[in-house]
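S.K.: Each residue of the sequence shown is one higher than the one before, counting from 1 in my numbering.
Fair warning: there could be bad hints in the mix.
Below 27 Å or equal to it, Euclidean Cα-Cα: the simulated DSSO-like pairs (lysine-lysine) are [what the hints assert, rightly or not]:
id: 1; residue 1: K140; residue 2: K150
id: 2; residue 1: K85; residue 2: K159
id: 3; residue 1: K159; residue 2: K224
id: 4; residue 1: K224; residue 2: K285
id: 5; residue 1: K81; residue 2: K159
id: 6; residue 1: K85; residue 2: K147
id: 7; residue 1: K140; residue 2: K129
id: 8; residue 1: K150; residue 2: K129
id: 9; residue 1: K81; residue 2: K150
id: 10; residue 1: K127; residue 2: K172
id: 11; residue 1: K147; residue 2: K81
id: 12; residue 1: K147; residue 2: K159
id: 13; residue 1: K224; residue 2: K279
id: 14; residue 1: K266; residue 2: K285
id: 15; residue 1: K266; residue 2: K224
id: 16; residue 1: K127; residue 2: K140
id: 17; residue 1: K172; residue 2: K159
id: 18; residue 1: K85; residue 2: K150
id: 19; residue 1: K85; residue 2: K140
id: 20; residue 1: K294; residue 2: K279
Bear in mind the hints are in silico, worked out from the structure with no lab data behind them. Note that the structure is predicted; figures quoted are calculated from it, not measured.
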Amino acid sequence: MRSLTGLISLLITTALALPAWGESSERLPSAADTYSEDDVVEAIENLDEAMFKPFIERYLLDEVRQLRLDMANFRVEYSDKLNAKQLELATQAVTYSTDTVTYFFYLIAGVTSLLVVVGYANIRDIKEKAHTYADREVTKLVASYEKRLKALEQNLQQKSQVIEENREEIEKTNEIHSLWLRASQETNPHSKIHMYDQILTLRPFDTEALTYKADAALEIDETKWAINLSQQALDIDPDHAHAYYQMACAYAQSNEPTVAMEFLEKAIRLTPSYRDEAKTDDSFKGLRRNAEFKALTTDSAI
Numbered sequence: 001m002r003s004l005t006g007l008i009s010l011l012i013t014t015a016l017a018l019p020a021w022g023e024s025s026e027r028l029p030s031a032a033d034t035y036s037e038d039d040v041v042e043a044i045e046n047l048d049e050a051m052f053k054p055f056i057e058r059y060l061l062d063e064v065r066q067l068r069l070d071m072a073n074f075r076v077e078y079s080d081k082l083n084a085k086q087l088e089l090a091t092q093a094v095t096y097s098t099d100t101v102t103y104f105f106y107l108i109a110g111v112t113s114l115l116v117v118v119g120y121a122n123i124r125d126i127k128e129k130a131h132t133y134a135d136r137e138v139t140k141l142v143a144s145y146e147k148r149l150k151a152l153e154q155n156l157q158q159k160s161q162v163i164e165e166n167r168e169e170i171e172k173t174n175e176i177h178s179l180w181l182r183a184s185q186e187t188n189p190h191s192k193i194h195m196y197d198q199i200l201t202l203r204p205f206d207t208e209a210l211t212y213k214a215d216a217a218l219e220i221d222e223t224k225w226a227i228n229l230s231q232q233a234l235d236i237d238p239d240h241a242h243a244y245y246q247m248a249c250a251y252a253q254s255n256e257p258t259v260a261m262e263f264l265e266k267a268i269r270l271t272p273s274y275r276d277e278a279k280t281d282d283s284f285k286g287l288r289r290n291a292e293f294k295a296l297t298t299d300s301a302i
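Could you build all of it, start to finish, from the sequences and the hints given here?
M.R.: Printed below as a string of structure tokens:
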């Protein structure tokens, strides 16, 4: 336990000594930048979010990259096996056709010899019938293999189409994931809205993008726009708790407390964690003294 505390103290001391993300790095830590154990403990207790979030994002990106590599390797392996199978089928078809024709000629020679011995003189008629029969059997054989090859080609086209669709979906997912990461790090509401619009272009029915876009619209006091976006999300998913919460925030900022309370109650009923979030949300600062709001945000409510 002592060594674990020392390790955490070392990490916090290093984090405190380094410049914050996005700030100027002109000032470097000096010998005077020292921190006591009490400062480290206080910094640990005041952490707002997990320090390992960037590692999780990096892990997800590595997993998606590995998935793309596996799909590419699978496509190459599948193509090699398919080419080998086609070559094997063609070889077998040619061998079978050659053997069949050879056996037919052996049969013709034997029957002809037998007929000559028995005394038949019309060898030409026998030859013509033998050729007709051989042509008919060879035609049946060729048609059968053509049918098999056509079925194999159709199967290959279907699987190739599935592989192409999966590749496009992976690329789209990577692009959407990148946009979500950029939006989470953006502080300008207009820039966030632009990124959410790009996500909605790729996935028009993404309810999360609609509700987060509504949240950004509330940051610039566009309450009617936020209500419209939240309603679109509810039309897609009537049980979307975040959409109800955004509707409550929008109506609260529009000085319509009764409607805001109705939507907030629905949001808390679906996701109880919104009860604590509403207590500190600036959208409800005008309702903090409202008795109904206090009753709704207490732990015993709903």
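S.K.: For each hint, tell me whether it holds in the structure or not.
M.R.: Outcome of the hint check:
For the given pair, K140 sits about 15 Å from K150 by alpha-carbon distance, which is consistent with the 27 Å threshold. Distance check on the hinted pair: K85 and K159 sit about 15 Å apart at the alpha-carbon level, within 27 Å; holds. At most 27 Å may separate the alpha-carbon atoms for a hinted pair to count; K159 and K224 exceed this at roughly 47 Å. Annotation: proposed proximity of K224 to K285 holds, straight-line Cα distance about 19 Å (limit 27 Å).
Of the supplied pair hints, the one linking K81 and K159 holds, its CA atoms being roughly 13 Å apart against a limit of 27 Å. Restraint check: the Cα-Cα separation between K85 and K147 comes to about 16 Å, which is no more than 27 Å; the hinted pair holds. For the proposed pair K140 and K129, the alpha carbon gap of about 17 Å is at most 27 Å, so the pair holds. Annotation: proposed proximity of K150 to K129 is violated, straight-line Cα distance about 32 Å (limit 27 Å).
Between the alpha carbons of K81 and K150 the distance comes to roughly 18 Å, so the proposed pair stays at or under 27 Å and holds. Note on K127 and K172: the hinted pairing is violated, with a Cα-Cα distance of about 67 Å set against a maximum of 27 Å. Restraint check for K147 and K81: the C-alpha separation of about 21 Å stays at or below 27 Å, so the hint holds. Distance check on the hinted pair: K147 and K159 sit about 19 Å apart at the alpha-carbon level, within 27 Å; holds.
This hinted pair checks out: K224 and K279 have alpha carbons roughly 23 Å apart, not beyond 27 Å. With a C-alpha separation of about 19 Å, the suggested pair K266 and K285 falls inside the 27 Å cut-off, and the hint holds. Taken as a hint, the K266 and K224 pair is honoured in the structure, with Cα atoms around 20 Å apart against an allowance of 27 Å. Among the hinted pairs, K127 with K140 is consistent with the structure: their alpha-carbon atoms are about 20 Å apart, no more than 27 Å.
With a C-alpha separation of about 20 Å, the suggested pair K172 and K159 falls inside the 27 Å cut-off, and the hint holds. At roughly 14 Å between alpha-carbon atoms, K85 and K150 fall within 27 Å of each other, so this suggested pair holds. A hinted pair counts as satisfied when its Cα atoms are at most 27 Å apart, and K85 with K140 qualifies at roughly 22 Å. The straight-line distance between the Cα atoms of K294 and K279 is roughly 9 Å, inside the 27 Å bound, and the hint therefore holds.
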